[in-house]
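Once you have looked at the hints, place chain B on chain A.
For the record, the sequence lines run as chains A and B. The numbers in my numbering rise by one with no breaks, and the one at position 67 of the first sequence is 67. The numbers in my numbering rise by one with no breaks, and the one at position 173 of the second sequence is 173.
Just so you know, not all the hints are guaranteed correct.
As the list claims (entries may be wrong) - The calculated label-pair distances, taken between Cβ atoms and stated as ranges, are:
| # | chain 1 | residue 1 | chain 2 | residue 2 | range |
| --- | --- | --- | --- | --- | --- |
| 1 | B | K143 | A | D160 | 35 to 41 Å |
| 2 | B | K198 | A | Y142 | 50 to 56 Å |
| 3 | A | E93 | B | K143 | 30 to 36 Å |
| 4 | A | R7 | B | K516 | 53 to 59 Å |
| 5 | B | K143 | A | Y142 | 36 to 42 Å |
| 6 | A | S119 | B | D166 | 54 to 60 Å |
| 7 | A | S119 | B | M76 | 40 to 46 Å |
| 8 | B | I89 | A | R52 | 45 to 51 Å |
| 9 | B | K143 | A | Y161 | 45 to 51 Å |
| 10 | B | I534 | A | S16 | 52 to 58 Å |
| 11 | B | R118 | A | Y142 | 39 to 45 Å |
Just so you know, these hints were derived from the structure itself, not from any lab. These figures come from a predicted structure and were not determined experimentally. No residue lacks a Cβ here, since even glycine has one placed at the ideal position from N, Cα and C.
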Amino acid sequence: MPQARSRLILILTVSSLLALLAGILIIIGISIETPYSVVNNSDNGLSELYDRYRGRVLYEQAELANYKGERTLLVAPRTTPLKDIGTLNNYVEKGGLVIVYGKPEYIINFLRALGINTSFIGYVRTGLPALESEFLVSGNVYNIDTVFKNPYTIRGVEADYVIAWSSYLSYLDLNENNLYDLGEPIGPQILGLEISIGEGKYVVLFTEFFLENNVLTYNTRCIDRLLETRELIIDQSEHVSNPLVYLKLTMETRSSPPHMYVSLALIIFIILVAYIVVKE
Amino acid sequence: MTKKYMGIALFIVFITISASVFSSSNASRGVDCLFLLAVLDKTISYAIVRDPLGEIYARSLLETGGIPFELREYHMYSYEAILRYYELISNNEYNSAIIISKVREIQLNTRYISDYARRLESCSINREAAITLRVSIDLNTKKLEEDLQRITLFYSGSGHEIILLDEYYTPRDEIKLIIPNYLLIDKVEIYSWPSHIKIGEYSPLEYNETHVLFKIHIPSARLLDELGIGSYHRDPLPIALYAKLVNGTYMLIGITRVQYRLPSIVLETPFITKRGDLLEISIISSDFYNATIFLNGQEINRLQITPGSIGVHIDYTLYNYKIGSNDLTICVEPTMETTRYCISRSFIIEPKYPRIRVSAVSEYISWNGFLTLVVNSEDYVNAYVFVESPWGSRYLELPSRGSVNVNLYTGIFPVQVVNYKIKITPINTTYDELVIDNRVLVLNIPIILTLVVLSSLLLPLVSTHERSFMFLIMSSRKMMRQVFEKVEREVINPILKPYKMGLGSQIALLYYGLLKKLRIKQPEISETLREHYIHISKTISNALSLILWRLLLITEQDLYSSKKPSIKEAETLYHGALDAAGEE
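In isolation and in its complexed conformation, chain A is listed as follows (with noise of 0.2 Å):
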């Protein structure tokens, strides 16, 4: 019976529609947790530095080919090494300024594919909690004061290109056990370097968290100042290999992904035909 099929149709049309709908309030709703997110709102997410600077996202490292160099400015923190550090290169080589940061082993393996031999000594604490904790520790960088959280230290760094530094106040956990034993060197550790590459250059902090949401206000005259007049890019290329979070960041942000506009125009084509079948 005609009447039965077009029931039908519109059941299965109104329970899509219904499960869409579902689907994007759960992933309104739900909060993301992943570091160096920009749509995770706690301690360790991106999401003020890119309100506040009006970022734009970067889904892949290919799309910096859009962008010109000397007038952008690249935050690239990660928990992973990157599989291919050329594209990066290509751009910082047209001017364009990356900051880098994250996991030791993520550092540790970028300045090794750009040809340093370095490996991780330990991670930089302070005995005199003034911030929140002793994972914040006070520095500069450009001899600008700055905070960083987690921050640790490397051998193999030459002072030459050393920018960054943590304060008189810091201390070397060898031990890792967060307290300061005797023997710890204290005192001003190496917490990041300037490497120059054609017109740009890479500013590579040794310290897993910089600009994230509970240390931005902190560091933001530093973040200023290397800005000047170019626009923010935040790399998210880590994360959209999580569907989740890759579907928050299309609804969040104001970098549109390319499928974007063609699962659109299969929703709205959808929405058409069951419309016109249950007319008949």
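Just chain B now, kept in the frame of chain A:
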């Protein structure tokens, strides 16, 4: 149904969307004492070799926050001493007096370094490492002090040292200062530190060829109190000794501390007393003091406290006392060594009630609709009794050592909770007003009896219909139906009457008439026309049963439908049935 499922689905969707919890649990942690020890050791180590890094560390540590409150003073004085040392050694000052003055300042603060190190040692988790660092700090501090001594000797020239001040003095002490003549000191003045209130000045006592002697009397607590400097009994009072030179300028001799103490007195008071009774207090003291007694802030007495225990009787009724909690304070005047001190105790003044009892029960059976209470006085006191209940109030007079009955109306309900309040106000006495609040559950017998009688009278007046209906409900079983058959018929027949009469339907009358003519059993009251048809159709011919069926349908239509059938059709079927039955 579909809407219901959609609603449930939406509900489940919204339930699963829960706001994420943003938690930022960066709880601040305590300071690492071993780290502070290590930094202190590092800073002093730099200082004794005059490494500029020491000054950077000292400045950073002075500027940093996060030092626990109990360590803050030691931290500050220790690093100030080190900073001032760096200032001293980098100074181009050649004035011996000024340099010696600066050295004195540093020497006063270097004493804090060892104290600070000890405190950090005690709060360090790793005690062995802490002890190692503390010992190193002590050694380095000693080297620093030796350096300061050398500076002093160098700039004092004659080789005689100015006597250093002790760390603490008591008010009975006197400080002897032997100062070289060449310093040209006119007077020595004492100031409180750092508030800089002048406490006293002293002229030289003795002279000789090379030196002048000053004897400085440490100020008494009484003097400090007069000067409004305050009470320093917990922490010693810092005082600064300044030398006023002949040319009018001042030179700091040193800063020391004076330890005062509290007067040792103990105040004992009773916790509770009845209004009107005297308050007996005890004051135990080890010395003579002048004191003032206050009640709730009002001065009520002055007395001299002597060593030992003294008892004091206070008639608080003459002053601003209150029923309930009151504060008694004794303030002791300052003496030579002891500061002004106040000690307070709270005590309760209870109201004084007359011995008047009210008979109290929780349940009461009332035979007359009233609740009777007996108010009995055991004291020689007349009183007014004011009784209040939901149905009114009344005044009664209670004689001395007598009793009075109070009758309270209990209302119109058979069971009632009666709340009452009785206020007993003694007449012309020091007793306080007594208020009694109570509640009683009253069983009102007259009301119960009245209700029983009323219901017995009213029940027969209930109509037959209602009564029969009640009986019908009660008698729904077959056996009981036979008993109430007559009543049932009497009730049911009038109800069914329109139905039996065909409810005004001519066709129904025709149908009943036909059945009668054909000598077919009439339908029973309890069966429908169709049920009746099923029974009779077995006993009649097919032709007749068909006609009767058609007539039955028309009859039902005429009875229940708004579309009435034609009477002629019914008549035709009527005659047809008669023909079929062979009758006319």
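Mind checking the hinted window 39 to 45 Å against the Cβ distance between B:R118 and A:Y142? holds (42 Å)
Is 30 to 36 Å respected by the C-beta to C-beta distance linking A:E93 and B:K143? Given about 57 Å between the Cβ atoms, the range is violated.
Cβ-Cβ distance between A:S119 and B:M76: within 40 to 46 Å? holds (41 Å)
Using the Cβ atoms, figure out if B:K198 sits within 50 to 56 Å of A:Y142. holds (53 Å)
Are B:K143 and A:Y142 spaced within 36 to 42 Å by their CB atoms? Given a distance of about 39 Å, which is inside 36 to 42 Å, the answer is holds.
Please check whether A:R7 and B:K516 have a Cβ separation lying inside 53 to 59 Å. holds (58 Å)
Taking 45 to 51 Å as the hint, is the beta-carbon distance of B:I89 and A:R52 inside that range? holds (48 Å)
CB of A:S119 to CB of B:D166, is that within 54 to 60 Å? Once the Cβ atoms are compared, 58 Å apart, the range 54 to 60 Å for B:D166 and A:S119 holds.
Quick check on a hinted range of 52 to 58 Å for B:I534 and A:S16, using CB atoms only. With Cβ atoms ~57 Å apart, the hint holds.
Look at the Cβ atoms of B:K143 and A:Y161 and judge whether their distance stays inside 45 to 51 Å. Once the Cβ atoms are compared, 40 Å apart, the range 45 to 51 Å for A:Y161 and B:K143 is violated.
The hint says 35 to 41 Å between B:K143 and A:D160; measuring C-beta to C-beta, is that right? With a Cβ separation near 38 Å, B:K143 and A:D160 satisfy 35 to 41 Å, so the hint holds.
When each numbered hint is compared with the structure, violations occur for hints 3 and 9.
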